[in-house]
Amino acid sequence: DAGVIQSPRHEVTEMGQEVTLRCKPISGHDYLFWYRQTMMRGLELLIYFNNNVPIDDSGMPEDRFSAKMPNASFSTLKIQPSEPRDSAVYFCASSLGTGYLFFGSGTQLSVL
Amino acid sequence: GESVGLHLPTLSVQEGDNSIINCAYSNSASDYFIWYKQESGKGPQFIIDIRSNMDKRQGQRVTVLLNKTVKHLSLQIAATQPGDSAVYFCAENIGGGADGLTFGKGTHLIIQP
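Taken in order, these protein sequences are the chains called A and B. Going by my numbering, the first sequence opens with residue 1, and the numbers climb by one from there. Going by my numbering, the second sequence opens with residue 1001, and the numbers climb by one from there.
Isolated chain B (complex conformation) (with noise of 0.2 angstroms):
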């Protein structure tokens, strides 16, 4: 089964708000994650990561939180823009990323005028 998934398959927040996006995982083993970003037409693309040892990591107007408690990662997004209309995906893996990456299924993003 899916061992990483999003709560909501659709966010729609105002330009300029604070985006909060969720996602479980189920594989308590799980020691590296990671956000990726994927516009229409496009690969997914690398926003953020974080390791099992973290609990959270900041990077440009993106933060990522980690709770290893109850298996939930979030990305927030501050003051959305435009270009920040996507799907998010969160990715796991056990041992840094060498055999791979499992997904979740996405959320689509939209960021309303």
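Just chain A, with the same shape it has in the complex (with noise of 0.2 angstroms):
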């Protein structure tokens, strides 16, 4: 297996803009979870996702936000507009619900 597949691996873009992050999970697995990674706040959980269906959001840091799953082999991280506070590693990873996580290589987003 492939593993946990994010695109792209780097983001650079400009204050205002959409941002789309890109996760394929690994086939068979029923829950995806997006983390964003910053040196103050280290690794925090956005949202998480089981059979596709959001489940808990509470992570989300506000209304520029938001994450679809429309299928269990494909979901997005939308930021629209982006600030610069956003910059951050944005990590997809998914599991079968009980046990560890699989990481995927992460996105290194950038808002200028």
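Quick caveat, the hints were computed from the structure, so don't treat them as lab data. From the three backbone atoms N, C-alpha and C, an ideal C-beta is built for every residue, glycine too. Warning: the hint list may mix true and false statements.
Under 10 angstroms between C-beta atoms, here's a sample of chain B residues computed to sit facing chain A [as the list claims (entries may be wrong)]:
no.	residue
1	I1020
2	Y1032
3	Y1036
4	Q1038
5	G1041
6	K1042
7	F1046
8	F1089
9	G1100
10	T1102
11	F1103
12	G1104
13	K1105
14	G1106
15	I1110
The task is to assemble the complex, starting from two chains supplied on their own in separate frames and drawing on the hints.
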């Protein structure tokens, strides 16, 4: 298995622009998680899905952030409009629901 | 506030020595604990996990110890190698992991030649 696949690996954009991050979970995993990593706050859970349904989005910082999972093999995290403080590494992870999470390589987002 | 934390942000050890990375957690209801390794530019990678009904678990060159009395978790790495240089995170969960993990801030392990 190729593991959790995220794209793009790096994204540089200007403040106010829309950013879309993409994730393909491991086949057969029915849980998908979006995390954000910064030096100040570490790894924070933003939202997670079970069987494509959002279960807990309490970690989403504000309405500018949205996430979707249209099918079992694809999820997106969108930021509109983006701001410099959104600069971080965004990780997608998947799991079978019990046990540990498998993480992707992350998307390094820089908002200028 | 942070329910999982680490005592030392940076740990430097000599190659070949054993390393011990510590972690404190505050939620006594947590029943599942995981150690992750994160190398520069990569996502966290699973190392070893332990459930609250155990106090010790061993893997290849790694051992995790859980002390529920004082809410303390440690990761022991035997005979450290240059490839062990990374940031190590402990993570906790209630209920086995289904609703995501709470991560500590991480300890940077540096292996000296």
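Cross-check of the supplied hints:
1. At its closest, the beta carbon of I1020(B) sits 21 angstroms from a beta carbon of chain A; the interface hint therefore is violated under the 10 angstroms criterion.
2. Hint status for Y1032(B) relative to chain A: holds, with the closest Cβ pair at about 8 angstroms, below 10 angstroms.
3. Hint on Y1036(B) holds. Least Cβ distance to chain A is approximately 8 angstroms, under the 10 angstroms limit.
4. With its C-beta approaching chain A no nearer than about 9 angstroms, Q1038(B) sits inside the 10 angstroms limit, and its interface hint holds.
5. The criterion of a C-beta within 10 angstroms of any C-beta in chain A is met by G1041(B), whose closest approach is roughly 8 angstroms, and the hint holds.
6. A cut of 10 angstroms between beta carbons decides the hint on K1042(B): the least distance to chain A is about 6 angstroms, and the hint holds.
7. A cut of 10 angstroms between beta carbons decides the hint on F1046(B): the least distance to chain A is about 5 angstroms, and the hint holds.
8. At a threshold of 10 angstroms, the smallest CB-CB gap from F1089(B) to chain A is about 7 angstroms, leaving the interface hint in force.
9. Hint status for G1100(B): holds, given a least beta-carbon distance of 5 angstroms to chain A, under 10 angstroms.
10. Nearest Cβ of chain A to the Cβ of T1102(B): about 8 angstroms, under the 10 angstroms cut. The hint holds.
11. Given hint, F1103(B) at the interface with chain A, holds; its Cβ is 4 angstroms from that chain's nearest Cβ, closer than 10 angstroms.
12. Interface restraint check: G1104(B) against chain A, minimum CB-CB distance 7 angstroms, threshold 10 angstroms, status holds.
13. For the restraint placing K1105(B) at the interface with chain A, the shortest Cβ-Cβ distance is roughly 5 angstroms, inside the 10 angstroms limit, so the hint holds.
14. A hinted interface residue such as G1106(B) counts as satisfied when its beta carbon comes closer than 10 angstroms to some beta carbon of chain A; here the least separation is about 7 angstroms, so the hint holds.
15. For the restraint placing I1110(B) at the interface with chain A, the shortest Cβ-Cβ distance is roughly 17 angstroms, beyond the 10 angstroms limit, so the hint is violated.
Hints 1 and 15 from the earlier list are contradicted by this structure; the remaining hints agree with it.
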